[in-house]
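Student: Chain by chain, the residues:
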Amino acid sequence: MTYQRPFGLLLALGLMFGGLVAAPVVAQNGPLRIEIVEGVIEPLPFAVPDFVAENGAAGEYAKNLARVIASDLSGTGLFREIPASAHVGRISSFDAPVAYGDWKAINAQALVTGAVSASGDRIVVKFRLFDIFSGQQMGEGLQFAGTTQSWRRMAHKVADAVYSRITGEGGYFDSRVVFVSETGPKNQRAKRLAVMDYDGANVQYLTDSRSIVLAPRFSPSGDRILYTSYQSGFPKIYLMDVASVQARALGDQPGTMTFAPRFAPDGRTVVFSLEQGGNSDLYTVDTNSGTLSRLTNAPSIETAPDYSPDGSRIVFESDRSGTQQIYVMSAGGGEPQRISNGPGRYSTPVWSPRGDLIAFTKQHQGRFHIGVMRVDGSEERLLTASFLDEGPTWSPNGRVIMFTRETAGAAGQSSLYSVDITGRNLRPVSSDGAASDPSWSPLLP
Amino acid sequence: MDKGILFSGIGHVGLILWALIGGFFIRHDEAPEIAVTEVSLLSSAEFEAIQAASPTAPAPEAPQTDIATPTPVTPAEETPAPTPQPETPPVVTQPPPPRPEPEPAPEAAPDVVETAPEPVPQAPEDPTPPAPVAVDEPPVLAPTVSSRPRPKPADRVAPQPTEAPAPDAVVAPTPAPAVTPEATPDAVVVEEEKPEAAQQEAGTELATEANKAEPLAPSASSRPKPRPARRAEAAPTDAPATPTTTPDVPRDAIAEAVAAATAGGAATEAPATAPSGPPMTAGEKDALRVAVQACWNVGSLSSEALQVTVTIAVALGQDGKPDIGSITMTEFTGGSEGAARQAFEAGRRAVILCGANGFQLPPDKYDQWRNLELVFNPERMRIK
Chain P
1 MTYQRPFGLL LALGLMFGGL VAAPVVAQNG PLRIEIVEGV IEPLPFAVPD FVAENGAAGE
61 YAKNLARVIA SDLSGTGLFR EIPASAHVGR ISSFDAPVAY GDWKAINAQA LVTGAVSASG
121 DRIVVKFRLF DIFSGQQMGE GLQFAGTTQS WRRMAHKVAD AVYSRITGEG GYFDSRVVFV
181 SETGPKNQRA KRLAVMDYDG ANVQYLTDSR SIVLAPRFSP SGDRILYTSY QSGFPKIYLM
241 DVASVQARAL GDQPGTMTFA PRFAPDGRTV VFSLEQGGNS DLYTVDTNSG TLSRLTNAPS
301 IETAPDYSPD GSRIVFESDR SGTQQIYVMS AGGGEPQRIS NGPGRYSTPV WSPRGDLIAF
361 TKQHQGRFHI GVMRVDGSEE RLLTASFLDE GPTWSPNGRV IMFTRETAGA AGQSSLYSVD
421 ITGRNLRPVS SDGAASDPSW SPLLP
Chain D
1 MDKGILFSGI GHVGLILWAL IGGFFIRHDE APEIAVTEVS LLSSAEFEAI QAASPTAPAP
61 EAPQTDIATP TPVTPAEETP APTPQPETPP VVTQPPPPRP EPEPAPEAAP DVVETAPEPV
121 PQAPEDPTPP APVAVDEPPV LAPTVSSRPR PKPADRVAPQ PTEAPAPDAV VAPTPAPAVT
181 PEATPDAVVV EEEKPEAAQQ EAGTELATEA NKAEPLAPSA SSRPKPRPAR RAEAAPTDAP
241 ATPTTTPDVP RDAIAEAVAA ATAGGAATEA PATAPSGPPM TAGEKDALRV AVQACWNVGS
301 LSSEALQVTV TIAVALGQDG KPDIGSITMT EFTGGSEGAA RQAFEAGRRA VILCGANGFQ
361 LPPDKYDQWR NLELVFNPER MRIK
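Residue numbers (our numbering), protein chains in the order written: chain P, 1 to 445; chain D, 1 to 384.
These are computed hints drawn from the structure, not numbers from a lab.
Be aware that one or more of the hints could be misleading.
In the DSS-like style, the derived pairs of lysine-lysine whose C-alpha atoms are separated by at most 30 Å in a straight line are [as the list claims (entries may be wrong)]: (1) Lys-104(P) / Lys-3(D); (2) Lys-285(D) / Lys-321(D); (3) Lys-285(D) / Lys-104(P).
Predicted model only: the values in this text are computed from it and were never measured.
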């Protein structure tokens with residue numbers, strides 16, 4: 001019997017080992033479950049062949065529409081166009097079935113097909129979006145009708161729809177930007193208000209260059225523009241109707257200077273800075289009645305206010321702590337709470353249309369940055385760094401920030417740049433010359 | 001023999017052989033190809049005969065001593081010179097007219113006259129090609145069982161084959177008689193009550209997929225069900241609660257180890273729905289994970305969709321290719337339904353894209369990976 005114990009021990013160990021080895025079998029009773037936690041961040045390849053011209057007059061638009069759509073999508077940095085020279089398939093009819101294999105062969109993951117017809121001064125644009133690898137159409141086809149002059153807007157609308165269907169968030173292509181156009185040397189620069197498409201096309205000037213203009217801001221509906229002008233010799237706020245290009249002073253008080261205006265989300269109230277006796281505080285004014293309300297009363301400089309998307313809070317900059325910092329307070333005033341806590345100076349805060357982030361300008365160690373932070377000041381991220389970056393403005397979908405970048409030196413000049421909130425896709429924005437102080441409109445109706 | 005003579009003899013013999021048959025083994029460099037034109041040799045008599053027979057050929061003349069003015073060679077009458085045909089006028093493709101840039105709106109304000117988007121009035125024909133009809137494999141009769149007697153395959157190999165135990169018998173590695181606790185009032189150690197156990201069925205050959213008896217059934221039919229789970233009472237966990245035992249009794253430790261191992265063995269008995277076959281190793285799972293994540297592109301996802309973790313179920317064919325129609329979202333967490341849909345689309349694209357040529361998976365473990373659940377967790381991919 002002396003051999004039984006070692007044998008038993010060996011048997012026990014063997015069975016235990018066997019049980020451990022068999023353990024994975026126990027773990028899988030259903031489908032094999034794999035967790036994917038790492039992916040790639042790459043532009044999604046897509047193809048936009050020339051639209052089908054359904055009549056002779058539409059021929060000139062068929063190609064241009066496709067080019068603008070491709071430019072819109074590629075400009076986001078989220079998509080990569082497969083050039084037409086690589087296309088295998090041809091779209092000869094809008095209603096013809098898509099040969100998915102032809103597009104799969106060139107690794108296109110999305111395909112935009114469209115057609116355009118023109119009659120007189122009106123054109124009709126229609127499109128479809130296809131998911132190549134799943135072999136199905138994404139959403140229903142859409143069509144837009146408008147004048148021939150608005151063909152770019154229709155291209156932007158198609159691009160917005162494509163962007164929205166693929167990314168799940170709204171687009172920003174059918175929007176405009178108001179900015180300050182600059183000409184002349186740095187020490188004698190002429191400035192005038194201008195408006196353009198978000199991509200720099202269709203620049204139109206709203207004011208002449210006889211007086212300096214600053215900080216234009218679109219209304220929530222995009223039909224009015226607030227700006228600051230030195231027309232009277234002192235900075236004062238003006239409200240311009242975009243359709244008539246007529247402007248009037250707003251919140252004008254004798255012996256004061258007003259500047260840095262912003263619309264409230266309701267489009268009626270405007271918050272701004274009013275300087276009187278060397279002290280600047282925040283006020284609101286009703287655009288209809290002209291009634292003023294004071295929000296802050298401090299010996300420090302309070303300026304650059306902006307509303308939260310729900311209109312309940314205001315973010316602004318103040319030097320009450322000794323340096324420029326960002327504060328948040330209730331829309332009706334009250335004790336502000338400082339949210340910027342990093343080193344350096346913070347200014348020009350702008351609330352994201354989504355409400356989750358605040359963009360700002362930061363000056364630290366001799367460089368300027370455009371950054372974003374949570375509304376409580378956490379998770380600060382700097383997106384850019386240069387000699388001078390300032391004045392961020394959000395795209396309508398809260399995905400992109402446009403700002404002013406000025407180069408150093410006497411010959412340096414201002415220009416507009418845009419950057420994704422991830423910090424990627426930093427690119428200049430065409431603006432027909434030097435430009436500064438951009439303000440993005442909401443999506444056009 | 002003198003080595004010198006030997007080497008000399010070998011050398012001479014080799015030289016003679018090379019001289020005789022060396023040409024067979026030596027590849028001569030081929031001369032560069034030359035364009036060859038076939039010619040035929042004619043004698044002077046033949047040439048004169050041909051000249052005489054030719055009615056149009058001019059008689060050979062004596063060479064002129066003076067240099068005549070060169071005259072234009074008149075072509076033969078029967079072969080009039082082709083008059084130069086006017087070439088087909090090239091189609092003058094008019095360059096496309098310059099694209100008229102839309103005139104800027106006269107007024108400063110943007111002229112918004114665009115109509116609201118309308119749905120396409122007529123639904124186009126579905127460009128989606130019809131889904132391929134799933135065709136079952138034609139039934140194939142399994143090969144007949146060889147008449148040659150084969151050793152009995154079993155799940156266990158033992159020196160001596162044993163017969164299958166009774167269906168309701170408790171199976172243990174070694175046969176053991178039933179043990180009942182002794183009713184001694186002063187006993188400190190109480191034996192664990194165990195039912196009588198029979199020895200496991202064993203054969204002389206391990207039962208594998210290769211030597212399992214082939215059923216006489218179409219190969220496309222459902223797989224044979226695994227053996228029914230052993231009776232619940234076989235698991236030692238169902239044994240009656242044992243009284244407290246002293247830790248210094250090695251026999252109890254062995255019994256516990258055996259019981260634990262037996263319990264594990266019982267647990268490995270797969271339920272009726274569990275896949276059979278060897279399990280996927282960690283390396284094989286990692287390979288699949290890497291293959292999918294290489295195509296999981298979250299670059300075009302919204303920040304909201306990047307908050308959503310989606311679980312996607314997909315069925316794979318034996319070639320490792322995903323059945324696109326089977327890709328479904330089974331659950332999602334962390335966002336709205338719209339965001340989840342976008343996250344699902346990204347995951348689905350990853351499966352389709354990287355599975356287009358079939359995932360590299362072990363074919364012998366098809367039952368393990370034929371149904372996948374892929375959990376796409378973008379936590380590390382979010383904007384930081």
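Student: So which of the earlier hints does this model not fit?
Tutor: Number 1 - this is the single hint that the structure violates.
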